[in-house]
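Asks: Chain by chain, the residues:
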Amino acid sequence: MKRLLARLHLTHPGHFVSGLTIWGTWFVAVYGGLSVACAVVPPDPGLGALTSINASLLIVSAITAACLVALSLGCFAAAREHVGRQHFNALVSAWLYAFSAVAVVFVALPIIGVPPCL
Amino acid sequence: MSERKERCTASCIQRAGARQVNPATLLALAAPLALMGCAGDKSILDPAGQVAREVALIWWVMLSFATVVFVSVVSLWLYALLRKHREHTPTQERRIVRYWIVGGGLLLPGLTICALLAFGVPTGKRVLPVPLDNAPVVIEVVGHQWWWEVRYPNAEGEAVVTANQIVMPAGEPVDFHVTAADVIHSFWIPRLGGKIDMLPGRTNRIRLDADAPGRLLAQSAEFSGVGYAHMTFPVEVLPREEFDAWLAARQPEAIEALTATADAATLASFEESCARCHRVAGLSTGDTGPDLSDIGARATLGGGVLTMEEGAIAHWLEHHQTLKPGNKMPPHDDMDAATLEALGSWLETLTP
Amino acid sequence: MTTLNRQATPQDPDHLKGLHDDLQEVWGNPRGIRALTIVNHTTVGLRFMVTGMVFFLIGGILAMLIRTQIAMPDQNFMNPDIYNQVTTMHGTVMMFLFAIPMLEGLAIYMIPKMIGGRDLVCPRLSALGYFCYLFGGTILTFSIVLEMAPNSGWFMYTPLSSSEYSPGLGSDFWLLGITFVEISAVSAGVELVVSILRTRTQGMALHKMPIFAWYILAMALMIVVGFPPLILGSILLELERAVGMPFFDVAGGGDPLLWQHLFWLFGHPEVYIIFLPAAGVVSTLIPVFAGRPLVGYGWVVFAITVMGFISFGLWVHHMFTVGIPQLAQAFFSAASMLVAIPTAIQVFVWLATLWVGKPRFELPMLWIVGFLVIFVCGGLTGVMLALVPFNWQVHDTHFVVAHMHYVLVGGMLFPLMAGLYYWLPLFSGRMPSETIGKWGFWLVFIGFNVTFLIMHWTGLLGMPRRIYTYDTGMGWDIFNLISSIGGFVMSAGFAVVVIDLLLHFRYGKPAKENPWRADTLEWANSLPPSPYNFVSLPKIETRHPLWDDPDLPRTIREGKHRLAVASHGRRELWGSDPLTGKLREVIHLPGNSWWPFCAALALAVVCVSLLIRWYPLAGIAVIVAGVFLLRWSWENGAHPRAAPDARVQEGDPPLHSRTLDGPGLWTMTTTMIANGAFFLSFLFGWFYLWTVSPEWSMPDTSPLSLFAMLAVGLLFAVGCTAMETCVHRLRQRNDLGLRLRLLVAALLGAVASMVLLWLILSADLAITETAHDAVLMVGLVYALFHVSLAALLSLLQALRVGYGYVSAEAPFEPVVVAYFWRYSVLMLWVLVGALAILPRVIGG
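Residue numbers (full-length UniProt numbering), protein chains in the order written: chain A, 1 to 118; chain B, 1 to 352; chain C, 1 to 844.
Careful: at least some of the hints might be erroneous.
With the Cβ distance kept under 8 Å, some of the chain A side facing chain C (calculated, not the full set) [claimed, not checked]:
#, residue
1, Val17
2, Phe27
3, Val30
4, Tyr31
5, Ala39
6, Pro43
7, Leu96
8, Pro115
The hints are simulated quantities; they were obtained by calculation from the structure and are not laboratory data. Every value quoted in this text rests on a predicted model; they were computed, and no experiment measured them. We put the beta carbon where it would ideally sit given N, CA and C, even for glycine.
Kindly produce the complete structure, drawing on both the sequences and the hints.
Replies: Shown next, in the form of structure tokens:
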């Protein structure tokens with residue numbers, strides 16, 4: 001894990017955009033997946049929110065959030081190790097990853113209680 | 001008008017109090033605004049159904065909270081601008097800055113939106129047309145440029161068709177299935193809740209209920225061209241028995257019998273000028289204009305443009321292009337006033 | 001222009017004068033008719049802003065017409081059709097012809113001055129952008145005079161805007177005019193991105209940029225990604241109207257909701273595209289008037305980035321009532337609420353800066369406080385609107401109208417006014433007047449709130465937007481009257497502001513150096529600035545150059561820093577490393593030229609001839625515009641007119657045309673991001689219609705020959721490999737056989753386009769009958785355009801090798817062209833997969 005994070009060059013400002021890009025990809029995947037699932041295999045409306053669609057969306061969201069948290073922690077660690085420009089880059093990236101993780105969790109909250117296709 | 005104001009003030013306060021939502025704040029905020037009048041036939045703050053009531057409550061809560069936030073942020077800013085400058089050590093400065101950014105920039109909006117989401121999602125869920133044990137009444141509404149086709153589907157036989165008015169039972173959920181025939185319209189009864197778009201090629205569903213019998217207004221809120229301002233119509237909420245009776249009076253046999261009173265000349269001019277576009281049950285099958293089978297019994301003409309009274313239809317036939325500019329009925333310059341009057345008085349007899 | 005190394009020294013006033021004369025000769029602006037050839041960012045930026053102001057006044061007059069019509073119930077001031085034209089044009093003019101170009105103009109003007117550059121990286125592109133904007137805007141506004149203006153609302157929902165329900169030319173004016181204006185927006189976006197990343201002065205690392213540059217970088221990237229969906233949508237809708245391809249027509253298998261998706265995919269980011277630069281103005285001004293650096297620079301960068309991204313995940317909140325599943329609505333609702341966080345961070349960063357600073361209260365600060373009051377209010381109603389059930393009730397009522405004006409006027413216009421007053425000394429060399437300015441502010445501020453605060457209430461009482469008349473008795477009468485009165489007060493305020501500005505240019509008190517005691521580099525210019533901005537380019541390693549070195553304006557003027565030479569006749573600035581600001585190359589820019597004007601004029605002819613449906617003329621004009629553009633590109637790079645010789649001063653890096661990583665490559669990359677966004681929008685349209693369009697029908701057998709598609713893909717891929725080899729060998733400074741390889745690539749590209757053309761002609765697509773075939777046609781034509789353009793560019797490169805403009809010494813251009821090939825080959829294979837293979841695998 002450590003080695004993987006080291007290879008990602010967490011002090012590069014490219015990480016400013018990668019966290020939210022992951023968020024965006026997740027968002028499109030969840031929204032698109034839901035739309036396609038509702039068009040192709042709509043579940044019985046009587047099931048409420050307890051459908052396989054909700055379950056799979058939740059799993060995807062949990063994995064995405066976990067990755068983002070890991071990256072965020074990695075960036076915080078990288079920020080501690082550097083000063084100046086690299087510290088700045090890693091710190092801003094760390095907060096951006098953290099925000100992206102929170103954004104995934106927050107946006108995914110309704111999956112717990114809302115029926116998918118109504 | 002003044003009576004309405006009082007009622008509204010009273011009801012707003014009562015509502016707020018009943019829900020135990022910080023009544024003092026709410027009262028202080030709501031009273032002056034409510035005095036300006038929150039009633040009105042299309043006011044969402046004068047709810048007449050469950051969904052609208054919850055939204056109105058949400059509004060008052062959000063307004064109070066927003067006012068607090070607004071006043072605090074603006075006063076803090078003005079204070080920061082005008083206060084006497086104080087020297088801070090860099091450490092103090094860092095602490096102040098962190099305090100503001102974490103407190104105001106992260107915690108304040110973070111907690112607010114969590115609360116909002118917790119509030120909003122359950123309210124939204126209540127409008128969902130989930131299957132019920134007793135299937136609710138279904139009313140199909142089709143938006144046209146610029147009138148409304150309303151159908152009451154019937155499992156056994158032909159649907160009851162009317163136009164530019166909705167009659168619905170009180171005190172029970174009603175499912176509206178809405179679509180459009182030409183451009184996009186939207187279906188909205190402000191005092192009940194909504195709204196939902198009416199899209200060509202798609203059918204959208206919305207579940208609404210009305211507390212008590214009475215007259216409401218509906219309105220399209222999706223811009224649809226020249227006649228858009230007149231995309232409005234009355235909604236009559238009736239007790240269940242009266243609603244059943246109303247529906248029964250429009251069953252095919254009953255409604256077709258109404259046409260018997262017409263004289264031959266009027267019928268001929270109807271055949272010539274109206275029948276191609278308008279349906280009158282048992283007489284014609286035109287479907288580009290509103291169904292006229294029960295027009296005499298409707299409260300308004302032209303979708304809320306004109307109140308129905310004696311001679312109103314003839315007046316409408318003569319002046320409809322000035323009353324509702326751009327509507328798709330051709331002007332009747334070629335017909336003399338007497339014919340229009342005869343047509344009008346005959347149509348007014350179509351009262352089931 | 002004889003000696004190369006005429007180095008100015010402060011001890012020698014003659015040399016200094018000579019240096020200024022040299023710079024003036026190279027950079028100076030011609031007068032008279034030749035002023036149309038000016039490409040300088042200062043002039044182009046001012047032109048954008050002045051034109052934007054004119055459109056703002058037009059939009060304002062339209063607003064007053066609206067407020068007059070609905071001031072009282074049952075009024076007959078305008079008939080409904082005219083009223084619809086007026087409301088549509090008010091929204092269109094304000095959004096497309098005022099807000100975006102105005103802010104882009106400000107950015108074009110300000111960015112090089114702030115980052116220590118002398119111009120933007122593609123000056124001719126700025127000029128082209130300006131003329132496209134001017135011509136497109138004029139064509140669009142002209143429709144009002146003809147009483148043929150678009151009348152289906154500024155978001156042009158289909159089917160209302162289709163030829164069936166809007167038979168006149170109104171919608172065509174909108175679609176063509178706006179697309180034309182958007183070319184300008186995207187080109188400005190592209191060059192702003194590249195300029196900020198690659199032309200900062202020596203030493204200005206990414207985290208030392210002025211905060212305004214971060215805002216503009218985000219705005220420009222958002223334009224690059226956000227505008228293409230609307231461009232695609234407009235093209236599709238215009239094709240539907242003109243040719244009858246049923247993209248949005250249910251009966252033909254299209255879907256009107258696709259338009260809404262494409263429009264709001266653009267439309268929501270647009271709001272933030274407008275807000276971000278305005279917030280950048282606030283973040284620039286507050287530290288100056290607080291007399292201390294912005295606290296939490298990193299937090300602001302964080303907030304900007306978050307806003308830039310999240311704003312692309314909100315578009316459906318404009319469509320909460322169209323009946324998409326509630327769970328999907330909940331996603332967008334939650335995402336919309338998240339925007340509150342970056343906004344709040346900025347508001348509190350500004351607060352904290354004032355809190356720990358020593359605020360001075362001058363005229364620009366008045367507008368900033370006005371901004372805060374209005375914007376916080378608009379932001380709060382925005383959070384309310386993110387709540388789905390509340391949104392259902394107030395959607396498309398005057399509540400939304402009020403919210404939107406609070407956000408846009410508060411979030412954009414007030415900071416803009418603050419910025420204009422703040423930077424006035426730069427524009428004119430004079431100080432703004434305090435008294436008249438204050439009158440203007442208070443009239444606008446009070447008028448605005450009177451108009452729009454009460455309008456929230458009108459909306460809650462159920463008044464829908466865009467109705468031209470209403471009955472008395474709804475309880476709306478008094479509120480509408482108040483709104484209208486407020487509207488006229490606000491207009492009076494703007495009249496005062498305009499008069500103030502006009503008087504200012506004549507009677508303003510001359511400004512002294514750095515009049516506001518600001519920290520950023522634009523104040524190191526002379527007031528008003530010279531066309532070359534800086535005599536010499538300083539090394540900057542701080543965020544507050546003028547605070548840390550108040551002597552900087554003088555030393556810059558006296559040529560004590562680098563690149564203080566123009567005797568070689570080149571327009572030069574630094575090309576620096578995007579991250580660290582280390583010097584990489586000397587960028588030499590093209591000078592004044594007729595080509596941008598001529599190309600824009602040809603494009604305007606295309607636009608007008610499409611409008612009047614005179615297609616032969618349109619065809620000719622397209623070819624003429626293409627020839628102009630290619631001729632323009634011919635004079636670039638190592639062409640003797642662009643760079644007579646490659647010598648640089650001792651110690652300076654090489655000219656960019658002699659390297660492999662010049663700004664052209666970055667411009668191409670950024671353009672391909674825009675292009676990619678366009679392509680992704682197309683793919684979205686294809687899959688969207690395929691999965692959810694109500695009447696969509698997938699034919700049993702695909703009309704596209706799989707063999708031919710694969711052949712095109714393979715031929716083109718081989719051509720791309722040839723290009724890659726060229727680049728690879730150029731990297732090793734080896735140009736043996738360069739011309740041959742380029743010719744091979746061109747040939748393969750040409751054959752591939754022939755096959756593709758045959759494929760299109762032989763597929764026998766029923767483009768007016770089914771949306772399926774219509775979408776295929778658009779995809780194939782898009783591919784054909786790329787394949788043939790790639791071939792043409794390679795051919796031109798081969799010619800340039802022959803002329804000696806491209807060689808191992810000047811290896812810059814094939815790298816750029818190869819990038820286009822790379823994009824095209826990727827796009828082509830995705831297209832083969834999506835259009836030809838996937839339908840065969842999945843079926844209908």
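Asks: Taking the hints in turn, state whether each one holds.
Replies: Results of checking the hints against the structure:
1. Satisfaction of the interface hint for Val17(A) is found here, the shortest Cβ-Cβ separation to chain C being roughly 7 Å, below the 8 Å cut-off.
2. At a threshold of 8 Å, the smallest CB-CB gap from Phe27(A) to chain C is about 5 Å, leaving the interface hint in force.
3. At a threshold of 8 Å, the smallest CB-CB gap from Val30(A) to chain C is about 7 Å, leaving the interface hint in force.
4. Among the interface hints, the one on Tyr31(A) holds; its C-beta lies about 6 Å from the nearest C-beta in chain C, closer than the 8 Å criterion.
5. With 8 Å as the threshold, the beta carbon of Ala39(A) comes within range of chain C, its nearest partner Cβ sitting at about 5 Å, so the hint holds.
6. Given the 8 Å rule on beta carbons, the hint for Pro43(A) is violated: about 11 Å separates it from the nearest Cβ of chain C.
7. With a cut of 8 Å, the hint placing Leu96(A) at the interface with chain C holds, because the nearest CB-to-CB distance is about 6 Å.
8. Taking 8 Å as the C-beta cut-off, the interface hint given for Pro115(A) holds, the closest approach to chain C being about 7 Å.
Figure legend: structure checked against the earlier numbered hints; the only hint not met is number 6.
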